[in-house]
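Visitor: Protein chains in written order, with the numbering used here: chain A, 1 to 204; chain B, 1 to 361; chain C, 1 to 630.
Because the hints were derived from the structure by calculation, they are not lab data.
Careful: at least some of the hints might be erroneous.
Unchecked claim - Here's a subset of chain B near chain C, in silico, CB distances under 10 angstroms, partners left out:
#1 M23
#2 W43
#3 V73
#4 F124
#5 D129
#6 T206
#7 Y232
From the three backbone atoms N, C-alpha and C, an ideal C-beta is built for every residue, glycine too.
Chain residues, written in single-letter form:
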Amino acid sequence: MEAAALPHHDHHGPPPANSSSRVEPQLLGMLLFIISEIMVFGAFFTAYFFIRVVAGSDWFPVEDFELPKVVAGVNTAILVSSSLTMHWALEGAKHGNRAHLKSGLLLTLLLGSTFLFVQINEYVNLTQEGLTPSVLAQGSVFYGLTGLHGAHVFIGLTLLLFATIRAFRGHFTPDEHRGVEVPGIYWHFVDVMWILVYSSVYLL
Amino acid sequence: MAAREEDTPIQHRQKDRAAVLPMVLIVVVSATTGVILGLLIDWFPTPASTQADPIDTLWDVLIIASVPIFVGVQAFVLYCVWRFRMRPGQELQDGPPIHGNTTLEVVWTVIPAVLILGLCAYSFFILEDIEEAKANEMRINVTGQQFTWTFEYPKSVTGGKPIRSAQLYVPEDRPVHFYVKSQDVLHDFWVPAWRMKIDAVPGIETKVRMTPNRLGRYSIVCAELCGIGHAYMRQTANVVSQEDFDEWLRSKQQRGGTAGGGAAGGEEIDGKTIFTEGNGESTACGACHALADAGTNATTGPNLDKVLPGMTPEQIREAIVDPNKEIEEGFGEGIMPDNFEQLLTPEELDALVKYLDEVRK
Amino acid sequence: MSLRSAGYPRAGLFGLLGLAFSYALVSSIRALYGWDPVVDGEAVARVAMLAVPLFMLVGFGLFDYWFYWAAGKPTRPEDHSGHGAFSWRDYFRPNTDHKVIGIQYTVTSFVFLFIGGLLAMLMRAELAQPGRQFVDADTYNGLFSVHASILIFLFIIPVFAGLANFVLPLMIGAPDMAFPRLNALSYWLLPLAGTMMLLSFFAPGGSFATGWTAYAPLSETSPIGQEFFTIGVQFAGASSIATALNFLVTIITMRAPGMSFFRMPLLVWANFSTSLLVVIATPFIAASQFFILLDRALGFRYFDAALGGDVLMYQHVFWFYSHPAVYIMMLPGFGIISEIIAVKARKPIFGYRMMAFSLLAIVVLGFTVWAHHMFVSGMQSWIRIPMMITTAVIAVPTGIKIFSWCATLWRGVLRLDTPMLFALGFLTMFTLGGISGVMFAMIPIDIHTSDTYFVVAHIHYVLFGGSVFTILAGVYYWFPKMTGRMYDESLGKLHFWLTFVFFNLSFGPMHLIGVKGMPRRVYDYSEAFAGWNLMITISSLCLGLSFLVFAYNIVASWRGGPRAAANPWRALTLEWQVSSPPPVFNFDHIPTVVGGPYEYGTPGAVHGVFKGGARVEQPAGAAVEPSSRE
Ligand code: HEA
Ligand code: HEA
Ligand code: CUA
Ligand SMILES: [Cu+2]
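Make a model of the complete structure from these sequences and hints.
Guide: Put into structure tokens, the structure is as follows:
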């Protein structure tokens, strides 16, 4: 039913709620939530800013600790492409093309988990080289920012997993696919955020 | 509904004016009395630095600027309560539907804005004034640690090798530039009589300028929560004449940068004085410990009348020079300063231990 | 109740599961890395603090629906069993009705007020005389830290959310909030957060004792009790973000036909602005506590100068939330006051639009002033100047509000009943608190008064004389609507006068001893302040006792007070046009809004009309007959 319906929930007690805005509550809610998320990252970037700029500590390579720019670069590519597959899936849902929908979601899940796997791998290597969060503030910032983002990838994947399950159970129609759209938006956000993290932590 | 809004505009204005005049009167009168009272109150501790006077003046200006606002609002509300309160029979009556008045709204936006910016500008100049560098400043390094301050007089001051002391001695009328550091957590170096304070921040060196201009002893207060001993992180700032200061420096240099001056007074060292007053650098034991013989009854540390009997002189010495070695039941670690070995001369330490060893019997 | 169906038993069971989970997780990891001891109490406690509450919420059934949804199962059709409360028991179950949640919120937070206040009583008893009375320094530090944290994060912030939860949907003519389940979840996070903070008193090494500001590095070296704050705040913060999202979406998408933004009651505007602040600022305190947690738990080094960390960064991040937070704790109050003053003075709010704009101005300015808490922190000294100006400038929009309220009183017909008394008390007391704030803004003054009792005085004049007065005003004002009963007017007045007098006697003198040089956060002080402190202690005890009058009045009236009419105040806003308490779904017919919310003094003016164009009929007697003209 119409806009003011409850989240993931298609039936509301009488009387029908007003819809005083063209925006759908779910979308609006997700957008506002993303603002909050941006601020969380903002705070972790503040830490980055203070330690790198204000305190003026030098940035990687520090004490011959290097960050694997290239691997992370490849990883970035993976994540970006996962955004495309996500878009593909949504288009599928919109045009009632279930094959697109399912395969798109599956691919996104696959790419997303690959990203996480690579990143964890990177952590393991770095710690073996001796760059733990405890040896340097820079280390803390690095693990903090990338870790925070990793956590968000995980959340995004969980949401997508739910969408996928529902997709395979035959939910979602061309005019009722919010369950794909909303996690999708979140996923794109996670993606964009990574580009910021990557460029400021690895490249700059 | 209420007849009022059927008033003609003229009646409106008449009604307003009738009410406005007494209101203005009351507001003005109460505001002025408020300001006078505000100025009569003796707010600050005795000013003892050149920074104090401008700050106190700024304070008075702020009183003059802001008390009228507070008292004015106060008086206005009370006036309305008295004048416009609902009388019997008015239960169903409404006020006139006044939705706003642009001129008024502009006025009470602009006036406060101007006032505010004026105050900011004035404060800015005061700030410049109290923080400006002065000629022949004396540098003193201040180190905060849980829970005591240590003051180091660098070569530039002593001429010889640096001197460390737990009590602050400064000459009168000499600008001092304090370089503040912290060994552990945040502290805040504050001398209320001098009005100035600055945090001691681990990892960075903060600076603050004060020019003491009144002889006397003033308390140094730690104003940033730094843990269990925060309330006791107090020391004394002694403002002395230039001669006495030089004298003090000299005596300290002779005594190898540790003890001297102060209470113990040099020659025959009396453990009890060390306990009750410290030696001029060390914190007084009595500040934290109860000891009947010394007539102290502080409770930060263990009651020595109770614990001493169980201790040998060696243990007592141990407990003084290395208090955190073993912690007395029920007390936090690291409250008792661990710098007494540096601050007390061996002789003084012996005297202190001897004294405690006697009183415990 | 079986263990398989949602409810308290299952919640308890899941709680235990959470404990077991944390235990297993920690131990297995430590075993994996071959660390010993394999069982690390602190680590387990740490994980448990995060896991147990979540497990309990799951067990309590707050996630059931989403689990069904996630699994793609056919979700149970809404039978509205989650709506309305028919016995007091229903208030102890998860409920998706915004009115029930509103009352749950309000009552819970008042419980926390009483607890936090009792802690304050202990503090005052300790401070009655110089020297140690009956608590040691560590306990005392714990007392004021928990006192402040409880009162800020579990009283002021949630109680405003609670009152708004009840009245806001009614005011905009909506049947409920946009996300009722999220609403329920955000409520149930609170008791958990609060209990966690209070439990810290039983933690080894005592409760968290670094103030509600929890400055690093002290908060990193202090005992495990600290983490009850670090983690408790996360739950409280999550709760208020969720509520804020809910409010924003509700206000934007669920207004009744005709309810344009500039026809919204100012309370709605106030909560709109507040929610913006929450959504944007709260993540920062979450992050600041993440930093602490990471440092403590995983050995991160954000604040270790020796390794290139920056200690001041904590303060910047913390205050970037916590200054806006002080407006989060004030703006909803502004809203409440606007409602009450308009109704009780029987006049339209003076300068409605400026009232709305000044709220937004405060929101914007609020983000530009955080460093005024750091004038003496040793940060780059130039930052102080712009911060001084922005800080002081906030006085202008706030002044607009104060003056507009005053102008609203002008030539009104003031009904001086309890809500109005508290509203007027707020008007005067908050002005004083705000002015001491502006004095802080003047750097040279702040250099001397920072971290003294002058700050404590400011805190309580704005938070008690400001926020708490508005809250009490609001509680009395909407009590008839919430409970369907009338409170006792004379007891209410008694409560006001006791509170007002002893409030001033308690916190007024703190201005003086502060400037005279008494630092805050000390449990012992110099003889010089003995006299004042004794007097403060005595009057704050009376202040505390005055709350007993309030408690009695509320409880007694709720149980046996006279039935309240639908619209006892003859107010125009929509919540008063439905029965008291309102019907389960708020409106049988959605109203259409045809005019401003405060058109008092205009004959026959209405705010909303109901289906069939029927004019909102006011309860008998309340209607304004022409006969009543002078
Ligand atoms: C409800 C909460 C609340 C509110 C609304 C405010 C409002 C303000 N606060 Fe306050 N503040 C706190 C809660 C609050 N504060 C708390 C809890 C602390 C301590 C934190 C800690 O524990 O360290 C604190 C500390 C604090 C400090 C730091 C002090 C220190 O630690 O050194 C400063 C410094 O600038 C400050 C300033 C202000 C200002 C300028 C306002 C302004 O918004 C006030 C504006 C209002 C008015 C000015 C009155 C009405 C205006 C008029 C009538 C117009 C005319 C007035 C003039 C022209 C002056 N506050
Ligand atoms: C909403 C916020 C709020 C409220 C309502 C209060 C209410 C009170 N506060 Fe609080 N306070 C803070 C917020 C608040 N405070 C903050 C943020 C700080 C800073 C902490 C820090 O430094 O980190 C602080 C610090 C603070 C200090 C300074 C501590 C220090 O720096 O050393 C003191 C000291 O007097 C104090 C006292 C009181 C008192 C007496 C009340 C009274 O108004 C309480 C009255 C209420 C009750 C008493 C409860 C209800 C009554 C009953 C349950 C009946 C039974 C009671 C009796 C037995 C008499 N507070
Ligand atoms: Cu050092 Cu407080
Ligand atoms: Cu502030």
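Visitor: Each hint should be assessed against the structure and marked as holding or not.
Guide: Each hint tested on the structure:
1. Here the hint on B:M23 is kept, as its CB sits about 9 angstroms from the closest CB of chain C, short of 10 angstroms.
2. Because the smallest distance between the Cβ of B:W43 and any Cβ of chain C comes to about 5 angstroms, under 10 angstroms, the interface hint for this residue holds.
3. Because the smallest distance between the Cβ of B:V73 and any Cβ of chain C comes to about 5 angstroms, under 10 angstroms, the interface hint for this residue holds.
4. The closest approach between the C-beta of B:F124 and any C-beta of chain C is roughly 7 angstroms, which is under the 10 angstroms cut-off, so the hint is satisfied.
5. At its closest, the beta carbon of B:D129 sits 9 angstroms from a beta carbon of chain C; the interface hint therefore holds under the 10 angstroms criterion.
6. The closest approach between the C-beta of B:T206 and any C-beta of chain C is roughly 4 angstroms, which is under the 10 angstroms cut-off, so the hint is satisfied.
7. Because the closest C-beta pair between B:Y232 and chain C is about 7 angstroms apart, less than 10 angstroms, the hint holds.
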